[in-house]
Every structure is written in C-alpha cells, then in structure tokens.
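S.K.: Going down the list, the protein sequences come from chains A and B.
Positions 1 to 239 (my numbering) are the ones given, in order, by the first sequence.
Positions 1 to 289 (my numbering) are the ones given, in order, by the second sequence.
Treat the hints with care, as some may be off.
As the list claims (entries may be wrong) - Quick list of in silico lysine-lysine cross-link-like pairs, DSSO-like style, CA-CA up to 27 Å: (1) A:LYS158 x B:LYS47; (2) A:LYS186 x A:LYS158; (3) B:LYS45 x A:LYS158.
Said to hold, decoys possible - Distance ranges between label pairs, derived from CB positions: (4) B:ASP256 x A:LEU14: 37 to 45 Å; (5) B:PRO165 x A:ARG231: 56 to 64 Å; (6) A:ARG235 x B:SER3: 57 to 65 Å; (7) B:ALA40 x A:ARG235: 28 to 36 Å.
Said to hold, decoys possible - Where chain A lies over chain B, by a calculated footprint (3+ residues, C-beta under 8 Å): (8) 205-211; (9) 220-230; (10) 271-280.
The hints are simulated quantities; they were obtained by calculation from the structure and are not laboratory data.
Just so it is clear, CB atoms sit at the ideal spot from N, CA and C, and this is done for glycine as well.
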Amino acid sequence: MILPVYRLTLRALLLQRRTIMLAVVVLAPVATSLIYALARPGGSDTVDFYSGIVQKLFVPAVAALVALVFGVSAFGDEREDGTILYLVATPQPRLELVVAKVAAAWTASLVLLVPSLVLSGLLGLGSAASLRLIGWPLVGVVLASLAYCAASSWLSLKTRRPVVIGVIYILLWEGSVATYAASAAKLSISAYGSAFVAHALPQSAPPVAGLVPSALVLAAVVVLAAWGAARSLARTELP
Amino acid sequence: MSSEARLVDTAFTTYQGPRAGRLAAIWSLAHWSALRALGARRGWKAKVIPISLTLLAFAPALVVLGLRAILGSGSVSRSVANAVPYSDYISTIAIVVLVFSVVITPELVCPDRRDRTLSLYFSTAIGRLDYVLGKIAAALMPLLLVTLAPVLLLYVGTVLFSVHPVGYLQANWLDLPRIIVSSLIVATFYGLVGLAISSLTSRRAFAVGGYLAFLAISTVMGGVLSHALNARYFRLLAVAAAPIRAGQGLFPKYSDPGNISPVVWGSTVVEVCVVAVIVLAVRYGRDEG
Numbered sequence: 001m002i003l004p005v006y007r008l009t010l011r012a013l014l015l016q017r018r019t020i021m022l023a024v025v026v027l028a029p030v031a032t033s034l035i036y037a038l039a040r041p042g043g044s045d046t047v048d049f050y051s052g053i054v055q056k057l058f059v060p061a062v063a064a065l066v067a068l069v070f071g072v073s074a075f076g077d078e079r080e081d082g083t084i085l086y087l088v089a090t091p092q093p094r095l096e097l098v099v100a101k102v103a104a105a106w107t108a109s110l111v112l113l114v115p116s117l118v119l120s121g122l123l124g125l126g127s128a129a130s131l132r133l134i135g136w137p138l139v140g141v142v143l144a145s146l147a148y149c150a151a152s153s154w155l156s157l158k159t160r161r162p163v164v165i166g167v168i169y170i171l172l173w174e175g176s177v178a179t180y181a182a183s184a185a186k187l188s189i190s191a192y193g194s195a196f197v198a199h200a201l202p203q204s205a206p207p208v209a210g211l212v213p214s215a216l217v218l219a220a221v222v223v224l225a226a227w228g229a230a231r232s233l234a235r236t237e238l239p
Numbered sequence: 001m002s003s004e005a006r007l008v009d010t011a012f013t014t015y016q017g018p019r020a021g022r023l024a025a026i027w028s029l030a031h032w033s034a035l036r037a038l039g040a041r042r043g044w045k046a047k048v049i050p051i052s053l054t055l056l057a058f059a060p061a062l063v064v065l066g067l068r069a070i071l072g073s074g075s076v077s078r079s080v081a082n083a084v085p086y087s088d089y090i091s092t093i094a095i096v097v098l099v100f101s102v103v104i105t106p107e108l109v110c111p112d113r114r115d116r117t118l119s120l121y122f123s124t125a126i127g128r129l130d131y132v133l134g135k136i137a138a139a140l141m142p143l144l145l146v147t148l149a150p151v152l153l154l155y156v157g158t159v160l161f162s163v164h165p166v167g168y169l170q171a172n173w174l175d176l177p178r179i180i181v182s183s184l185i186v187a188t189f190y191g192l193v194g195l196a197i198s199s200l201t202s203r204r205a206f207a208v209g210g211y212l213a214f215l216a217i218s219t220v221m222g223g224v225l226s227h228a229l230n231a232r233y234f235r236l237l238a239v240a241a242a243p244i245r246a247g248q249g250l251f252p253k254y255s256d257p258g259n260i261s262p263v264v265w266g267s268t269v270v271e272v273c274v275v276a277v278i279v280l281a282v283r284y285g286r287d288e289g
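Turn these sequences into a full structure, and let the hints steer you where they fit.
M.R.: What follows is the structure, encoded as structure tokens:
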C-alpha cells in the first residue's frame, strides 16, 4: 500500500504548475554560477565562490524553500481537495502513510535540487571540480531536504498556515537569529546541513557540529517529525 | 390567515440610502482588506503572527526610549539615542518588514481569486482599477504600521526626552519628512511587489513562497556575485535592499558599502515597481472572474 501512495503523491507533486515555479527557483544558483563562469577574472578563487553559493544560497534558501513547499503540499493538497479523508479511511497505519508522503516530497525535492547543485558545482568550480567538492555538499542538501520535508509535512497537519510559519522559521530564525547567535544555530536544520558542506570546503564558517552528530540530529528531526505527523493524522480534525 | 397579512415586493427596489461615492468604495475595500489581513474578525491564531511582527518592529524604538527613560539625560543616554539613527531604523528591522510583507500581501488578494469573489466585486460599484487601488492602499496601511509608526514613535520620544524639545525640533525638523518619505518608499515597494507576485496564484502558500524566493534569492545572488566578481553593480540584484538604500539616501551621511548612489537604488525601485504595476494590470485587466 505504501508504494501506490508514494507513487500517486510523487505524480501529484511533480505534475503541477508550481513545479515550473520551483524549477525557476532552483535555476537561480545555476544562473549565478553561469554568470560567474562567463565573467570571472583570471586567478579568481573558484572554491571560495562555490562555497558562498552553497552555504549562502543553496542550503539555507533554495533547498529549504523547495523542500518546504513540497513537504507542505504532500498533505496540504489532499487537505485542500478533501481527498485526505479517503486516504485515512484506508486500513493503513498512519505512520506508513506519513512515510510514503515524506518520501514522495523528498524525491520531488531531489529531482529539482540534485541537478541544480551538480550543475552549479561544475559551472562554478570549472577545472577545480571534483567528486569531493560536489559530493559532500550534495550529502548535506540531501539530508537537510529530508529533514525539511518531514518537518513541513508535520507542520501542514498541525496548522492551517504551514508555509507562513515555515517561512518565518527559515527567514527569521535560520536566516537572522541563528546567523548571529551561535547557540541558536543548534536549532537550525540548515546549520546541520551546512556541516557537511564545511567538511569539503575549508573556507566555510565553522560548522555547528561534526559530521556524525549532524547526521544524528537530522535523523532525529525526521523521526520526531514523522512520529508527530502520524500522531496528528490520527487526532487532527480533517480535512 | 391574519387579516393584517400582506405581500411585500422588495426584491428589486433601488437603493435609497446615501451614496458615498467611488472614493468611499475604495476606502471601504482597503480598510476591511487591511483589517482582515491583520487578523480582524478571525481567530486568535490569525492575529498572532501580524501582532508579533508589529511588536518586533517597535522593539528597537521601545528599547531605546526605555533606556533613555532609565538613564536620564546624561551622555550615556545621548549615545543610546544615537545607537539607532532614523536613517538606519528600517534596515535594522529589515527582516521583520520583509516577513511582514510576505505574510500580509498574499492575504489581500489570494483569497478573492481562490473563492471566486472577484466577479462579485466587479458586479458592484467597484471597477477593476478601483479594486487594484483599494488593494494597494490595503497593503500600504499595515506596512506603514511597521515602517513608519516605529520611527515616528522614536522621533516623538526623542523630542520629549531632549533637554530642549523646541530646540531639537528646530534643529531636526527635516528628519520628519525624510522619515515619512523613506517609509513610504519601502512600504510602496514591498506592497506593490507582494501584490504583483500574489496576483499570479490563488494559493496563499505559493504566493508566500514565490515572494520569499524573489526577495531572498535575488538578494543572495547579488551579494555572492558582487563579492566574487568584485563588481559592485551586481549588488543591485538585491532588490529587497533597494527601497531601504533609496530611503537612506534621503538622510545626510549616507554611505553604501559598494558606493552605489541612492539615485541608482531609487531607479531600481522605480523599475521594479513599474514591472509590478504592469503585472497587476495584466492580471486584473482581463475579463476573468
């Protein structure tokens, strides 16, 4: 049962006009790298530029926004259309439904994010491009987007304004408070995603935690959010 | 049947009450739209975010005035007053203004399109232009609450705390029009751009996401490119900062990290606003309900 829910949700998420809008969003880092590749002066530090693109644009803004929209839409679209009642009427465990939805939102996010990051890396780094420089940031984006998808799916079942609250978290907390207060960064998903970026890019800001603790924190966010979403799915008044 | 029973045909009688005119219709639309966006006549959950953001916008002014009240009129008090100059107030709370506009503007137009009430509006005395004007005014009112009101409060408080209030007013009266115009620039820019992006979709969530993406991503792109290529004019891509910089240019001692003049920032503001007006004209000029 989990597979058809996953397949149907993935199709519903990708075959929408908003996917085109999100594709425009993920093209922003590629366009930035392309401009840089065309206009860079000789001897410029390509790794420094790529580090800036990944840590200032990709992880905290592009990946966060794309995962937020897909994560919210996984349950949000069904709530809006009223079809969530048919979904919860099936004799499937709530946790399985949540796992299928989060997995679909994650896959949809990666369909857009992975090519964008790889292209940005190849264009921005030029001849300095290597598997290490592109691979570690990719791991960070993959794990952070999973955590964003799970958290936003839970949020879409808890509140009627999940995108607004998600935007406030991304902009105000992660983009402002966590940037200035080191301890606040410990409650920032993007900070743990950036820890993987920092492993490959020494120019980046000091990471909030090591690789293993960051992976554990992101995994904990996913597990807690999925459990919370399953609990909300059983208790929230639907649609 | 009672002998007093009678049939009353009132279905198509003409309106006999006072006619307030077109401006009153626009004002009514603007007034109620603004109140609704701020959460009026809705549950407490709808009020929490606008009220919290408004309080955050007032926080620097309240902190400065509170400290001045505690410290009295000594030199420490004067340096506290200089900590947040009028010219830098909006840039200090820029992120709050940005989030406020992202939250408020989609609320003004998306529900009308989603609930298909546009055709109902246009079947009344309100025309398409009136509707757009009303919504622009509706966006401006709450935005001025976070851009103009806190700075005015700081100005009034500073006048009251100064040793010679009349002397302070005589020396700094020009700051008042500067504060008003710079706040209007910021509110108009964020209001128009927010309405234009929100008019593209009926889903509030996607309007919020699209607006955020436009402001945040263009800002980061501008910063990264100008730094990497050492080309200062790439900073103009940071459209979210353009109205703030243009407003700061009205005050003396204007400085910009990239030495971009306020006129250039101002022209960026005008260009983006013109595009926003064109988008609104296209979206509301067509025959759709």
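S.K.: Does the structure break any of the earlier hints, and which numbers would those be?
M.R.: 10
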